Amino acid sequence: MKDSVGSVLRAYLDAVILSRLQNGDTYGYAVIRDIEQESGGVCSLQEGPLYIEFRRMEKEGWIRSYWGDETKGARRRYYAITEAGECYLDERKKEWEQMKKMMNALLAVRGEMEEIEYE
Amino acid sequence: MNETVAKLVDIVFRDTERTEEVQILYEQVRMDCQERFEDLIRNGMDEDEAIAAVVESLKGMEEVLKEYPLRKTEEVASEEKKVAQPSQSRIDLPKDAIESIHVTVYSHDVYILRSKDEKVHVYTEAKEIAIHSENHAICVEEKKVNLNKKEFFFSILRMHNLPDEPLYIEIPEKNSLSADISAGIGEIFWEGAELGSAMLKTTSGDIHLKGQECHIGKMEIRSTSGDVHLHDDADADEMIISTTSGDIRGSVQCGRMEAHTVSGDMAIHGKARELHADTLSGELELSGTYDTAWCKSMSGDLDIDAACNDMLAVSTSGDIHLSGKNHTVKMQSTSGDIITTVRTKEIQCTTTSGDVEMNVRESEELERVSAETRSGDVQVLLPKNQSYRVHMNTNSGDSSARVTESLDEDAPDVDVRSVSGDIRIQ
Numbered sequence: 000m001k002d003s004v005g006s007v008l009r010a011y012l013d014a015v016i017l018s019r020l021q022n023g024d025t026y027g028y029a030v031i032r033d034i035e036q037e038s039g040g041v042c043s044l045q046e047g048p049l050y051i052e053f054r055r056m057e058k059e060g061w062i063r064s065y066w067g068d069e070t071k072g073a074r075r076r077y078y079a080i081t082e083a084g085e086c087y088l089d090e091r092k093k094e095w096e097q098m099k100k101m102m103n104a105l106l107a108v109r110g111e112m113e114e115i116e117y118e
Numbered sequence: 000m001n002e003t004v005a006k007l008v009d010i011v012f013r014d015t016e017r018t019e020e021v022q023i024l025y026e027q028v029r030m031d032c033q034e035r036f037e038d039l040i041r042n043g044m045d046e047d048e049a050i051a052a053v054v055e056s057l058k059g060m061e062e063v064l065k066e067y068p069l070r071k072t073e074e075v076a077s078e079e080k081k082v083a084q085p086s087q088s089r090i091d092l093p094k095d096a097i098e099s100i101h102v103t104v105y106s107h108d109v110y111i112l113r114s115k116d117e118k119v120h121v122y123t124e125a126k127e128i129a130i131h132s133e134n135h136a137i138c139v140e141e142k143k144v145n146l147n148k149k150e151f152f153f154s155i156l157r158m159h160n161l162p163d164e165p166l167y168i169e170i171p172e173k174n175s176l177s178a179d180i181s182a183g184i185g186e187i188f189w190e191g192a193e194l195g196s197a198m199l200k201t202t203s204g205d206i207h208l209k210g211q212e213c214h215i216g217k218m219e220i221r222s223t224s225g226d227v228h229l230h231d232d233a234d235a236d237e238m239i240i241s242t243t244s245g246d247i248r249g250s251v252q253c254g255r256m257e258a259h260t261v262s263g264d265m266a267i268h269g270k271a272r273e274l275h276a277d278t279l280s281g282e283l284e285l286s287g288t289y290d291t292a293w294c295k296s297m298s299g300d301l302d303i304d305a306a307c308n309d310m311l312a313v314s315t316s317g318d319i320h321l322s323g324k325n326h327t328v329k330m331q332s333t334s335g336d337i338i339t340t341v342r343t344k345e346i347q348c349t350t351t352s353g354d355v356e357m358n359v360r361e362s363e364e365l366e367r368v369s370a371e372t373r374s375g376d377v378q379v380l381l382p383k384n385q386s387y388r389v390h391m392n393t394n395s396g397d398s399s400a401r402v403t404e405s406l407d408e409d410a411p412d413v414d415v416r417s418v419s420g421d422i423r424i425q
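So the protein sequences, as listed, match chains A and B. Going letter by letter, the first sequence gives residues 0 to 118 in numbering that gives the first Met the number 0. Going letter by letter, the second sequence gives residues 0 to 425 in numbering that gives the first Met the number 0.
Don't take each hint at face value.
[Claimed, not checked] FRET-style restraints, in silico, Cβ to Cβ:
#1 140/B x 55/A: 18 to 28 Å
#2 24/A x 133/B: 17 to 27 Å
#3 190/B x 23/A: 51 to 61 Å
#4 60/A x 140/B: 30 to 40 Å
#5 59/A x 17/B: 50 to 60 Å
#6 38/B x 18/A: 20 to 30 Å
#7 101/A x 20/B: 46 to 56 Å
#8 79/A x 92/B: 24 to 34 Å
#9 115/B x 69/A: 39 to 49 Å
#10 39/A x 65/B: 44 to 54 Å
Treat the hints as calculated values from the structure; they're not laboratory data. Keep in mind it's a predicted model, so treat the numbers as computed, not measured. Glycine is no exception: its CB is placed at the ideal position from the N, C-alpha and C atoms.
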């Protein structure tokens with residue numbers, strides 16, 4: 000994973016996790032696998048950072064966790080998004096939209112200037 | 000569930016107090032790692048690569064766990080004690096039923112202890128170690144593990160500073176058993192067990208010998224880079240220790256002792272009838288009491304402060320420092336200096352270019368002093384108020400003798416010769 004991609008993912012990891020949970024309750028490794036698959040294998044996540052984030056988000060009240068009722072095999076801990084989590088995710092998504100616009104604008108200016116220089 | 004994966008997670012969580020929150024986290028991580036492992040295998044990875052990936056994914060867990068309190072050391076200790084108790088694999092046999100013990104493990108520490116009953120007990124929690132007996136022998140072998148997996152496994156063990164589960168061997172007193180123990184990178188701890196003969200080998204693991212009033216017939220110790228520690232006057236009829244770069248340190252009492260290193264240092268305090276210590280480039284520090292002591296070095300210095308009947312110290316370029324009470328002393332060096340302050344009866348020093356400083360002033364029964372060198376300077380300090388038969392000869396050096404000379408046949412001989420070195424006797 001490139002450093003820039005990694006740092007963007009780290010900065011928006013809470014939002015990424017919350018959006019996974021919007022699709023339905025899920026557990027630790029499933030989140031890791033989803034992120035990896037949906038990023039086309041670009042983003043990989045270790046257990047450590049994931050559980051640091053889970054712990055913080057639970058303290059903030061954005062998620063809650065509960066034991067699943069597996070009929071066979073060991074039990075799993077599931078995470079679910081709360082209302083407060085939904086609100087926070089909306090904020091983060093808006094922030095990202097603004098960020099995207101800003102970055103597009105910044106890169107466009109730079110791109111145009113480079114084109115001018117090369118001409 | 001894959002056992003290696005489960006063990007890895009156990010190790011990661013081992014030092015953290017198992018509060019309810021930590022227990023929940025532990026169960027989650029265990030399941031995650033297991034699923035990750037199974038996914039990777041399903042996607043075509045072999046088991047070693049998958050284990051490596053699991054180890055990699057666990058590396059950030061330290062950050063998570065440092066937020067939680069550490070487990071109390073007694074808890075960890077009691078758990079270790081539990082590990083020490085027999086369970087997984089063990090054998091218990093009366094001492095008369097066996098003649099020898101053979102152990103080959105690669106990474107596990109081995110403890111050789113004194114049995115509390117008349118039986119030999121061999122046991123471990125390590126699943127990869129197999130123990131069986133055949134033809135009056137107990138054999139212990141570690142099943143072959145793929146090196147790749149071992150390396151990754153060790154890397155996480157080292158990360159958490161934890162050894163593998165040890166192997167324990169308990170041996171009753173008074174027996175004529177022989178033991179051949181090889182522990183690779185694991186350490187060997189010999190604590191108060193008696194044996195007829197023993198061979199202890201490691202590559203990089205240290206070897207610790209604690210005597211504690213027990214007796215061993217013949218003990219042979221070999222290590223490549225592991226150090227050998229001799230505690231509590233480890234006691235043997237014969238002890239032979241050799242290392243390549245490992246140091247040999249501590250106190251020992253035995254009939255005959257040999258200590259050999261290539262570059263390892265030696266610091267030995269001994270009580271022995273006969274001692275041979277030699278090193279190529281290591282330093283040798285020797286103290287204690289010996290009947291005969293032979294110390295040799297190529298480039299390392301010899302630093303000896305011992306009581307000895309016969310002392311021979313030989314070096315090529317290392318310096319020799321000798322003090323103590325030595326009945327007869329013989330020292331030879333090529334370019335190293337010889338500096339000695341001894342009480343002796345007979346002393347002989349030979350060098351090519353090394354200087355000789357010989358102080359025998361406190362000797363009460365001095366009979367003969369001799370020194371021979373090509374280009375080194377020689378200084379001899381003799382007991383005062385006595386006369387000597389002095390023979391002094393140098394080709395081009397200066398010479399002076401400020402002692403009373405005598406022709407009496409009973410007077411001690413002082414014989415000093417050089418080619419170009421200066422000679423001073425006083």
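Do the hints match the structure? See the list:
no.: 1; hint: 140/B x 55/A: 18 to 28 Å; in the structure: violated, 49 Å
no.: 2; hint: 24/A x 133/B: 17 to 27 Å; in the structure: violated, 57 Å
no.: 3; hint: 190/B x 23/A: 51 to 61 Å; in the structure: holds, 59 Å
no.: 4; hint: 60/A x 140/B: 30 to 40 Å; in the structure: violated, 56 Å
no.: 5; hint: 59/A x 17/B: 50 to 60 Å; in the structure: violated, 25 Å
no.: 6; hint: 38/B x 18/A: 20 to 30 Å; in the structure: holds, 22 Å
no.: 7; hint: 101/A x 20/B: 46 to 56 Å; in the structure: violated, 39 Å
no.: 8; hint: 79/A x 92/B: 24 to 34 Å; in the structure: violated, 59 Å
no.: 9; hint: 115/B x 69/A: 39 to 49 Å; in the structure: holds, 47 Å
no.: 10; hint: 39/A x 65/B: 44 to 54 Å; in the structure: violated, 33 Å
This entry does not satisfy hints 1, 2, 4, 5, 7, 8, 10, going by the numbered hints stated previously.
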